[in-house]
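Let chain D serve as the given structure and place chains U, Z and S with the ligands on it in line with the hints.
Residue numbers (the numbering used here), protein chains in the order written: chain D, 1 to 156; chain U, 1001 to 1156; chain Z, 2001 to 2121; chain S, 3001 to 3121.
The reader is advised that the hints may include incorrect statements.
Every beta carbon over 12 Å from chain S, so not counted as near; a handful from chain U, in silico [stated by the list, open to error]: (1) GLU1016; (2) GLY1086; (3) ARG1104; (4) LEU1119; (5) GLN1127.
Stretches of chain S that chain U covers, calculated by requiring three or more beta carbons in the stretch to come under 8 Å of a beta carbon on chain U [stated by the list, open to error]: (6) 3022 to 3032; (7) 3106 to 3118.
What the hints contain is simulated information worked out from the structure, not anything from laboratory work.
Since the model is a prediction, treat every value here as computed from it, not as a measurement.
Note that beta-carbon positions come from the ideal geometry of N, C-alpha and C, so glycine has one too.
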Amino acid sequence: MEVRNTMQLEIPAVPENVGVARLALGSFASQLNFTLAELDEIKVAVSEAVTNSVVHAYPEGPGPVVVTAEHDGRELMIRVRDSGKGIADVAQARQPSFSTDPERMGLGFVFMDSFMDQLEVESRPGQGTTVTMRKRCQAGQQPQAAAEEGSARSGG
Amino acid sequence: MEVRNTMQLEIPAVPENVGVARLALGSFASQLNFTLAELDEIKVAVSEAVTNSVVHAYPEGPGPVVVTAEHDGRELMIRVRDSGKGIADVAQARQPSFSTDPERMGLGFVFMDSFMDQLEVESRPGQGTTVTMRKRCQAGQQPQAAAEEGSARSGG
Amino acid sequence: MAEVAKGGTAVAIEQHLTGRTLVVRLQGELDLVAAEEFRREVEKALDQSGARTLLLNLSQVSFIDSSGLGAILGRYRRMSQQQGRVILVGAGAAVLPILELSGLLRIIAHYETEHQALAAS
Amino acid sequence: MAEVAKGGTAVAIEQHLTGRTLVVRLQGELDLVAAEEFRREVEKALDQSGARTLLLNLSQVSFIDSSGLGAILGRYRRMSQQQGRVILVGAGAAVLPILELSGLLRIIAHYETEHQALAAS
Ligand SMILES: Nc1ncnc2c1ncn2[C@@H]1O[C@H](COP(=O)(O)OP(=O)(O)O)[C@@H](O)[C@H]1O
Ligand SMILES: Nc1ncnc2c1ncn2[C@@H]1O[C@H](COP(=O)(O)OP(=O)(O)O)[C@@H](O)[C@H]1O
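In isolation and in its complexed conformation, chain D is listed as follows (with noise of 0.2 Å):
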């Protein structure tokens, strides 16, 4: 992959900072050909794994996460990144429904993994969880995104 673009935020693990990390992955995925569709299934993807490193990763208070991603045109890489407890039977953790947490589906690594092509989930107990997900797009010059958009709302 010949990195076209990157970026990088770094975010304390506060419940309103994953829209902020959401709103900047949208704004970055969109430079690449993806349909409406696959754009808000990155959103969901992001949304995910952010709000897994606020809800699950810092217990005795907010922590620091990173999320960094790249492009080169064809393929997006987004990364989300904490320092927090980390998780024991990664495995586990990614079967759909499983939640340490009563009051939460369990569906975020499965969202994660049904909205991208790939999941790469590193998790240490104590050491952290390091989320790596890939999504390719069609070929094509131009992003699609706005195109559709613009045609869907013309009239004339």
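Chains U, Z and S with the ligands only, in chain D's frame:
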């Protein structure tokens, strides 16, 4: 200012990333009690500062732009920093209509100045430029913008 | 139609009672922050109104994730316990696929319009 | 009304010719990236159409900054050179204050609707 939230965004100085910064900072700013009009003003100010780093700072190819922000619930501070060629005469650069580029309007600093409560520009030729902007919002528990948007649309 | 409660920072929440149905119209992005507000506001309105049916209009929701789904599921559980029900209305292109994938539409009915939902309920 | 050109990544640009007026409807955020596209597409359409009046409909523009203004001013300069004119239409709450502050509205007319603009031109 007792910091309640912070963020740091690092991006290469390419045009596509102006939108990434604007959306991230717009979302960050919406955590305070700004009106929709004030949020628009903040987005313009961010757009101008980052655009300047993209357009002027790195004639030899894109270097890094670092956008940091923090707020205490009442005041928002936004800092845009590049390590580019710098500005020899800052006072001149801040004049309305002054631009070193005939294609541009020379209104970037004017907009930052008009739309934020405070603007500070530090620059050293060959070292880079740092723009620091501050804006205070009305006292209040809750951000206004969402409620406004709600009542603007609510029909029943 | 009286307005029961209106709150919100991240989502705008508009509520009113029609018969024994609490109609809640959500607007914005239903993520972790919004889910928390939604939970708080709607619980308060349910307590006060004694509604039997909770109608959630999602037509102005531009984003939802598993935190938002969790908040809906939580209200579904509450209403089920008291022999009430939840109805969803108007989920759009950004929301419907998530509702489907989550399996929520297998337990909660979804209608295109409030009119259809109220007629059927 | 024939569509002359449609382009765009950041803004959606829709154009058609009505009489000797090129009507361009912009949509999205008119920043540095969009201004560049806008410049390219509209110059091409002006060259091809020989239009005397350029009508820019801004009603779907949700953001503009000095780069976007610069692109509009550039087209104004071109049209003025060839004795043509530029008309702006429908700038909303996020755009109008910027147009005013920049002084652009002192040299370019602004109407609320395309209908009004075409009637006046
Ligand atoms: N960043 C993280 N740090 C610590 N634990 C995590 C992290 N992400 C996920 N987990 C664990 O994995 C489980 C499953 O995650 P997920 O599928 O996203 O569901 P949910 O967030 O709804 O619980 C969580 O309940 C939590 O125990
Ligand atoms: N980050 C920067 N690096 C180098 N020069 C800058 C930077 N920001 C502004 N300048 C200089 O200051 C001038 C005025 O800036 P501004 O008011 O934003 O107008 P404009 O960007 O339209 O030229 C620019 O033309 C440029 O010469």
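Here is how each hint holds up against the structure:
no.	hint	result
1	GLU1016	violated, 6 Å
2	GLY1086	holds, 20 Å
3	ARG1104	violated, 6 Å
4	LEU1119	holds, 15 Å
5	GLN1127	holds, 24 Å
6	3022 to 3032	holds (count 3)
7	3106 to 3118	violated (count 0)
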